[in-house]
Amino acid sequence: MNDVILQTSNLLKEYPGVIALDKISVAFRDGEVHALVGENGAGKSTLIKCLSGAISPDSGIIELGNEAYSSLTSALAKEKGIAVIHQEFNLVPSLSAAENVFLNAKTSPGFIANTKEREKMAAQIFESMGVSLDPSQTVWGMSPANMQLVEIAKAISGNVKILIMDEPTAPLTTNEVSMLFKIVKDLRSRGVAIIYISHRLEELFEIADRVTVMRDGKLVDTKNIEDVTRQSLISMMTGRVLSNVYPERDQKIGDEILRVEDLCGLGVEHVNFSLRKGEVLGFAGLVGAGRSEIMSVLYGAYPKTCGNVYINGQLVEIKSPSDAVANGIGLIPEDRKNHGLFLFQSARWNITIGIIKQLSSYGVVSAKKEQQTAEEYISRFSIKVSSPDQLVLNLSGGNQQKVVIAKAMALGTDIAIFDEPTRGVDVGAKWEIYKRINELAESGKAVIMISSELPELLAMCDRIVVLCERTQNGCVPKERFSQELILSLASGGEEDIYE
Amino acid sequence: MSKFFKGALSQKSAFAFYKKYGIYVILALTFLFFAFGNETFLSSKNVLNVARQVSMLGIATVAVTFLMIGGGVDLSIGGQVAITGIAAGRLIAFAGFPWPLAVLAAMLLCLGISIANTYFATKLNIFPMIVTLGTMQILNAMSNVATNGVPIYDMPAGLVNLGQGYLGPIPIPVVVFAVVVAIAWFLLYKTYFGRRVFAIGGNPEAARLSGIDVDKSRYAISAIAGFTISIAAILVLARNSSAQPNPVAQLPFDCMTACVLGGISFGGGDGKLGGAIAGVFIIGMLNNGMLLMGVDPNWQGAIKGLVLIAAVGIDCIQRKPKKVKLRHATK
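Here the protein sequences come in this chain order: Y and V. Start counting the first sequence at 1; every next residue gets the next number (the numbering used here). Start counting the second sequence at 1; every next residue gets the next number (the numbering used here).
Hints are not guaranteed to be accurate.
Claimed, not checked - Below are the DSSO-like pairs computed for lysine-lysine, each with C-alpha atoms no more than 27 Å apart in a straight line:
| id | chain 1 | residue 1 | chain 2 | residue 2 |
| --- | --- | --- | --- | --- |
| 1 | V | Lys190 | Y | Lys368 |
| 2 | V | Lys216 | Y | Lys337 |
| 3 | Y | Lys319 | V | Lys190 |
No lab work stands behind these hints: they were computed from the structure. Since the structure is predicted, the reported quantities are computational estimates derived from the model, not experimental observations.
Bound conformation, chain Y alone (with noise of 0.2 Å):
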């Protein structure tokens, strides 16, 4: 036990115009959970991505067992037993459990695969695991967390050693997180070494064993978990020492601006709601309750099947996202990624698509509007580029977050819609985000911000709308705020649905 399994030394890599590592010397054992924790852009994902063979270092080295290599390739890192459970799944949808557990893996000699073997095989991984998933339902349709699951099968189907899990509690409700620790826990004791990822830092005095702290592409520190306290790893991440995890906000609360009455759609019904200017309203509620369907509706990028939206008093129709933008409307989507970028395209490009037709004249693209609209809202947004012309695919997640902020406040957006706005996001990063959010609603601006982090919006809010299997469960003023009436509203007075 506690071997060194996995170590590398010096290990260097650049990309231009930044070192993404810079001479990481870190050293993994065997049955331990490694923790690695850092800012965006701290280097956290490059390095898992040496150590998976998904890219090569510049120089250095991975020593794994008694073997130095100056890279690895995936199928080299498989075949040493690293496992990656990546941020975003790797699943195919339309095969079953089964199928993508045993995905690369030939489970009896000859052609053919055996479904029913194979469905058997993927039960018993699941046995072990001490959950109960049908082998043969399609990925298609699954919950995030039984997607999670189908990955851990996937990952421990073969004989692994070492597992890298990034961010895997992201997706996870509370209940869920405890089963998959419980697991975690499980590996651990049959000697697996864990390098586990994750913005959570609670998490991690739950779970690791040590933590290896990265800033700005160097290594901190390595520490074990008993010699570390959630301030000083926070200010080992940042470099300094953060007093506020939330910033203060004036409140100016002005005139009603949005009214929502019984709006339905996308299976979620009667949500009824209104929004001053300067006023932020959290949307709780556990996953799957409905909170982004109903905004989307809202948003007009699915059909409402009822209900009446007033903006400034005035009945509106919004039946496509042009209207709502139109009506000064803005959607801050939660996967940032496939439904807020354009990864291949620069900042500059990405920040002014939506606004683009307004710098032009007679179709025209005037290159100095959008030059000077890109660099307005990158100082004002603080989006940390090295240049307006850097693709927005280089920027650290809170930086691309920053992006679709200021895409969707430059459309005019008077009404802001944030749906998990610091998901995935660092310490850091995430109070840079509640103070544009701040911001926002101090200029008048109002705000909806969907978050599955309730004391997010106990600390952002003036008022909470809980939601509870798609329908509206209570409206929850700031006086009356606290963790366990909006979790009593939000599981419905009934037993936890998610057991």
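Using the hints provided, position chain V relative to the given structure of chain Y.
Frame of chain Y, contents of chain V only:
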């Protein structure tokens, strides 16, 4: 160590160079190969001939570039060229239309077909590849039915001049090609419409959520593509001075080959018009050069295919991992 590092860097920059300018290197190599390999290749008569041939392919490739950057594809453009030529030919030869009117009507028909493709793709939610696979079959069949397999001859001199005539020393199709490229470049890179083409091709859902009317943009793209294809069709008709039942069966595939050679992403949202045009010249020179050198026509497709795979392949080569010999570090 530093030597190794330098080596890796220069290797890396060579790849970066290839990614950016590789298409032009291949273009130059193709040119040099035929220029030195065949004495008639650079004769003024042949150069003009190549230019004319390249113009037809190039104009169609501009249309395909718009479609592909916008995330679409059209397999039926060969059929569109055929049916447009036949419609114009029949109107002139059998209905006695004055040729400009017949040409205009035929061009509108082509525009309509292209828009209809998009209508089926968006309204019925079918992949453009599948819709146009269907319309390709339909149009090919209709071309054969409408001509009975026999070309329609005797096009008026004014029309034929468009395909065979000159403006000063330059063949008219070459002039048209240049104008089409200039307008397309302007539309794609200078107008907000061009931005939207890239946006809906790169990430249609993000485009929709950004308030872009994706369907409307798709119709606009197909209208531009249809119009551009109709220009190519009229030039083909004029050059042959007859409406053939199936004049350009290979067209969609040659156009897509040119686009992919030139770095236009098959998934949409990425690529440069200049690359696609370079791709057109490569295909055009291969077609002509192989003919001059007496390569069996049956083999010509194979050569084009090999060039495509080789060119894209070099782009995608990844360095293999190396095991380094080292003393083992202490644990």
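(request) Could you grab the alpha-carbon distance between V/Lys216 and Y/Lys337 and see if it respects the 27 Å cut-off? (result) 24 Å, holds
(message) Between the alpha carbons of Y/Lys319 and V/Lys190, is the straight-line distance 27 Å or under?
(response) At roughly 30 Å apart (the allowed maximum being 27 Å), V/Lys190 and Y/Lys319 break the hint.
(request) Could you grab the alpha-carbon distance between V/Lys190 and Y/Lys368 and see if it respects the 27 Å cut-off? (result) The hint holds at about 12 Å.
Hint 3 from the earlier list is the only one contradicted by this structure; the remaining hints agree with it.
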